[in-house]
Amino acid sequence: MEGELALMGKYIGAGLATIGLGGAGIGVGHVAGNFLAGALRNPSAAAGQTATLFVGIAFAEALGIFSFLIALLLMFAV
Amino acid sequence: MATEAGGAAQSVGMPQLDFTTYGNQIFWLVVALVAIYLLLTRIALPRIGAVLAERKGTVANDLAAAEDLKERASAAEAAYQKALADARAEAARIIAEAKAEIQADLARALAEADADISARAAESERRIAEIRASAMQSVAEVARDTAAELVAVLGGSADAAALEAAVGARMKGQPS
Amino acid sequence: MAAEGGGLQIHPMDQFIVKPLFGEGAVHWYTPTNVTLWLMLAVVAIGLLMVVGTRRRAVVPSRSQSVAELIYGFIHNMVEDVAGHDGVKYFPYVMTLFLFVLFANLLGLIPMSFTTTSHVAVTATLALAVFLGVTLLGLARKGVGFLAMFWVSSAPLALRPILAVIELISYFVRPVSHSIRLAGNLMAGHAVLKVFAGFASVALVSPVAIGAMTAIYALELLVSVIQAYVFTILTCVYLKDAVGDAHH
Chain A
1 MEGELALMGK
11 YIGAGLATIG
21 LGGAGIGVGH
31 VAGNFLAGAL
41 RNPSAAAGQT
51 ATLFVGIAFA
61 EALGIFSFLI
71 ALLLMFAV
Chain B
1 MATEAGGAAQ
11 SVGMPQLDFT
21 TYGNQIFWLV
31 VALVAIYLLL
41 TRIALPRIGA
51 VLAERKGTVA
61 NDLAAAEDLK
71 ERASAAEAAY
81 QKALADARAE
91 AARIIAEAKA
101 EIQADLARAL
111 AEADADISAR
121 AAESERRIAE
131 IRASAMQSVA
141 EVARDTAAEL
151 VAVLGGSADA
161 AALEAAVGAR
171 MKGQPS
Chain C
1 MAAEGGGLQI
11 HPMDQFIVKP
21 LFGEGAVHWY
31 TPTNVTLWLM
41 LAVVAIGLLM
51 VVGTRRRAVV
61 PSRSQSVAEL
71 IYGFIHNMVE
81 DVAGHDGVKY
91 FPYVMTLFLF
101 VLFANLLGLI
111 PMSFTTTSHV
121 AVTATLALAV
131 FLGVTLLGLA
141 RKGVGFLAMF
151 WVSSAPLALR
161 PILAVIELIS
171 YFVRPVSHSI
181 RLAGNLMAGH
191 AVLKVFAGFA
201 SVALVSPVAI
211 GAMTAIYALE
221 LLVSVIQAYV
231 FTILTCVYLK
241 DAVGDAHH
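Chains as they are written, first to last, in this note's numbering: chain A, 1 to 78; chain B, 1 to 176; chain C, 1 to 248.
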């Protein structure tokens with residue numbers, strides 16, 4: 001019974017942890033959207049900044065990956 | 001595949017967290033990385049770098065050759081233009097010469113003609129004057145004779161000198 | 001594990017199990033495993049592209065040679081732009097990392113294959129190598145000056161110790177995020193593929209599941225390349241801290 005309860009908690013926790021992915025989505029969307037807005041204002045400067053764009057996206061995405069990782073850890077490792 | 005989950009999966013759940021395999025993975029990863037690094041630094045990267053440099057050199061050479069050819073073409077064009085200009089100048093000179101010659105000929109002919117004409121005119125003038133003088137002479141003689149005749153008819157006798165003077169005075173008063 | 005009793009038997013994580021290549025038994029550090037196989041296949045693929053593909057050294061390149069040259073120029077420019085001129089001499093290391101990650105990601109997309117870069121052990125080794133290499137390089141080149149990176153001189157004096165702590169923490173989190181990002185992306189993608197593959201065994205939803213798998217497979221191709229790019233460009237960013245000017 002107690003094991004079942006713990007299992008339930010794990011699954012609920014894992015599900016809750018995936019909410020973090022939404023935050024990562026918002027962050028990545030923000031980065032990409034602002035890049036596009038800036039790029040449309042000054043298209044000539046956009047090409048030189050794609051590296052910055054990807055680094056920004058990577059940083060924003062990393063946090064989402066962390067929450068995914070927590071979900072996986074709850075599911076399989078705890 | 002799905003059903004043959006081994007013992008490792010059952011015990012750990014997440015294969016990524018199965019620390020017993022870490023040594024194995026890291027060992028083979030290092031082997032692979034060293035192999036890739038050696039492949040790249042010993043063979044691939046120098047080769048590609050050399051090819052890129054060679055291509056750059058070839059392209060630069062070709063560009064230089066093209067530049068050279070272009071220069072030669074423009075030099076040839078300049079020479080052609082110069083020849084053309086020379087030919088034009090020569091032609092213009094010849095035309096001017098011919099024109100001047102013709103002009104001179106024309107002027108000479110005109111002058112000759114003018115001289116001829118004026119000589120003839122002078123001759124005619126002179127002859128007209130001669131004719132006129134002789135005509136006047138004749139008129140005076142006729143007038144004198146007529147006057148003497150008239151005087152004789154009228155019963156007078158006129159001496160020649162008075163008659164001459166009278167006729168001369170009359171003829172002087174009238175324009176010829 | 002997840003599914004008990006009847007119904008769907010989906011084991012999305014089974015594809016990541018490390019198994020000996022020949023026979024059964026324990027995995028010792030020297031045992032040739034499926035990890036070994038796919039690592040070596042990555043080496044072979046890189047050799048095929050970068051060595052065999054360029055063997056003719058043609059001035060007018062063949063198809064494989066232009067791909068190799070394209071990757072060379074791409075990474076070379078990236079190192080030069082991001083890490084600066086001093087970073088160019090570390091270009092072979094960056095190139096090794098990029099090619100390895102790219103080919104491991106792409107080979108992992110072959111059905112029934114094993115994705116080496118989805119294992120934290122592999123990516124953490126790569127990230128730790130970058131982290132230690134950059135830190136040691138920075139200390140060797142700049143000495144104590146390297147530590148000035150944590151002391152934000154443009155901030156007010158009272159804030160600097162707090163900022164230093166934050167900078168220090170973010171510096172040490174670097175290898176964690178660097179490795180987890182790569183492993184997590186690939187693991188997630190492959191697990192999702194596997195889940196949809198499990199759904200495909202139910203006749204009712206199998207067309208949807210197969211369509212979704214196709215779409216996710218295309219997305220995973222993109223992710224594979226982008227993650228390799230991101231891993232490399234972050235390496236270059238870290239490298240800049242070690243070799244670039246402090247005031248750029």
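Since the hints were derived computationally from the structure, they do not count as laboratory data.
A few of these clues could be false.
Unchecked claim - To spell it out: a stretch of chain B is covered by chain C in this simulated footprint if at least three of its residues, at any positions, have a beta carbon under 8 Å from a beta carbon of chain C; those stretches are:
1. 37-48
2. 134-140
What the hints assert, rightly or not - List of simulated lysine-lysine pairs, DSSO-like, C-alpha gap at most 27 Å:
3. B:82 <-> B:70
4. B:56 <-> C:89
5. C:194 <-> A:10
Everything numeric in this text was worked out from a predicted model, so none of it was measured.
Where a beta carbon is used, it is the ideal one built from N, C-alpha and C, also for glycine.
- 27 Å Cα cutoff - pair residue 194 (chain C), residue 10 (chain A): 21 Å, holds
- Take the C-alpha atoms of residue 56 (chain B) and residue 89 (chain C), compute the straight-line distance between them, and say whether it is at most 27 Å. 21 Å, holds
- Query: Are residue 82 (chain B) and residue 70 (chain B) close enough, with their CA atoms no more than 27 Å apart?
  - Reply: 18 Å, holds
- Task: With a C-beta cutoff of 8 Å, work out whether three or more residues of the segment 134-140 of chain B approach chain C closely enough for the coverage to hold.
- Result: violated (count 0)
- Coverage of the segment 37-48 of chain B by chain C (three or more Cβ within 8 Å): holds (count 9)
Of the numbered hints given earlier, the model fails hint 2 alone.
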